[in-house]
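Model the full assembly from the supplied sequences, consistent with the hints where possible.
In my numbering, the protein residues as written are 6 to 389.
FYI, nobody ran anything at the bench for these hints, they're computed from the structure. Being a predicted model, the structure only gives us computed values, none of them experimental. By construction, the Cβ of each residue, glycine as well, lies at the ideal position given by its N, Cα and C atoms. Some hints here could point you the wrong way.
[Unchecked claim] Derived pair list, reagent style DSSO-like, types lysine-lysine, alpha-carbon separation capped at 27 Å:
hint, residue 1, residue 2
1, K231, K255
2, K270, K69
3, K270, K60
4, K60, K255
5, K270, K255
6, K179, K231
7, K266, K255
8, K60, K266
[As the list claims (entries may be wrong)] Quick list of the computed label-pair ranges, beta carbon to beta carbon:
hint, residue 1, residue 2, range
9, L220, L308, 34 to 40 Å
10, S205, L308, 31 to 37 Å
11, R319, S58, 41 to 47 Å
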Amino acid sequence: MEKRSRLKPSLVFVGMPEMIDRRLLTNIDWILAGLVVAVCLLGIVNIYSATSSYKIVATPYYIKQIYWFLVGMSIALMVCMVDYHILEDLSYWFYGVVIILLVAVLVIGRRSMGATRWLNLGLFNIQPSELMKIVIIITFARFFSNYQTVGGLTVKDMLFPLGLLSIPALLIMKQPDLGTAVIVILVAISITVYRGLRWSTVVTFSLVTLPVLWLGWSHFLRPYQKNRVLDFLNPERSRLGSGYHIIQSKIAVGSGGFIGKGFLKGTQSQLQFLPEQHTDFAFSVFSEEWGFVGCLVLILLYLSLVLWGLNIARRCNDRFGALLAVGVTAMLFWHIVINMGMVIGLFPVVGVPMPFFSYGGTSMITSMVGIGILQNISMRRFMF
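Laid out in structure tokens, this is it:
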């Protein structure tokens, strides 16, 4: 794909009509919007069921999720109305700011449940590791859109982007937040593969992976993280301990059968055998109540969303936009695959939520920013 020439959009808001073109309103990608809204609504209904047996709280979780959904949609709308090429100009500034925030988390961050992931900025708390998911997409898209190479990327070509990736990945692992670090790494790899690698580069990095994994196991993983890997290999080793989560999740998924037990009738969720059933294991609740048929519908919605994201990348008029769309789609894809694999025992438990489906404001906002970027790219393909 050839990189087209363009005039850089001005950051001055005096010419607001030039930045927010009325023609955009006629080019809204309704398929993208409809898929996201459908998954969000299913998620809200599922959160209602998953938390219906909880003690009464001031604001029910499903109401909070509706708030986050509306806030997320508003943010997505704002993101899609400003030309996405501005992100290219500001990418390295964003990267630098988030790196500073990640360092600040380790120094003065708020500790909760054995991890330090939040930073108190006075009026609100922020989780910089979530911001890095979006920022690493923008940064890699900026680098590879301007980097010219023939015949695929070599090992030498990869040194600078590897440096860009390793700093935030190590800082996030230090919190520790293995799930987010894995997502950041996989998203960066996805963008790189889309850009094109030489086979010699693939072989070289494959050979390097084994000693890196051994080093990570020996020096970086905490004992509870190692237990999650061991429980993945043999959940029965600690049925009432570290293996409890995955065992209960597999029981819930399997007991749903073909058509499920029915809404609000899942025993694993209503009797609260499932831990984190409205967040990381929300899909287990859905599987038990709606069975194979319900899961198939949800998977088809997610599959359509991923394929539509790749279609937006294919139709994009410039390389930066295409890489950006691939990165956002990869972020959603890896969240979906890892979470579904986690709850059915195909992957270790790493605390990765289902986008638009699991409860959580941070996850909803991050995913909606990504959707805003995809919408932005899709809407502007007619305007150049």
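Hints versus structure:
no.: 1; hint: K231 - K255; result: holds, 20 Å
no.: 2; hint: K270 - K69; result: holds, 23 Å
no.: 3; hint: K270 - K60; result: holds, 18 Å
no.: 4; hint: K60 - K255; result: holds, 25 Å
no.: 5; hint: K270 - K255; result: holds, 17 Å
no.: 6; hint: K179 - K231; result: holds, 15 Å
no.: 7; hint: K266 - K255; result: holds, 15 Å
no.: 8; hint: K60 - K266; result: holds, 23 Å
no.: 9; hint: L220 - L308: 34 to 40 Å; result: holds, 36 Å
no.: 10; hint: S205 - L308: 31 to 37 Å; result: holds, 33 Å
no.: 11; hint: R319 - S58: 41 to 47 Å; result: holds, 45 Å
Of the hints listed earlier, there is not a single one the structure fails to meet.
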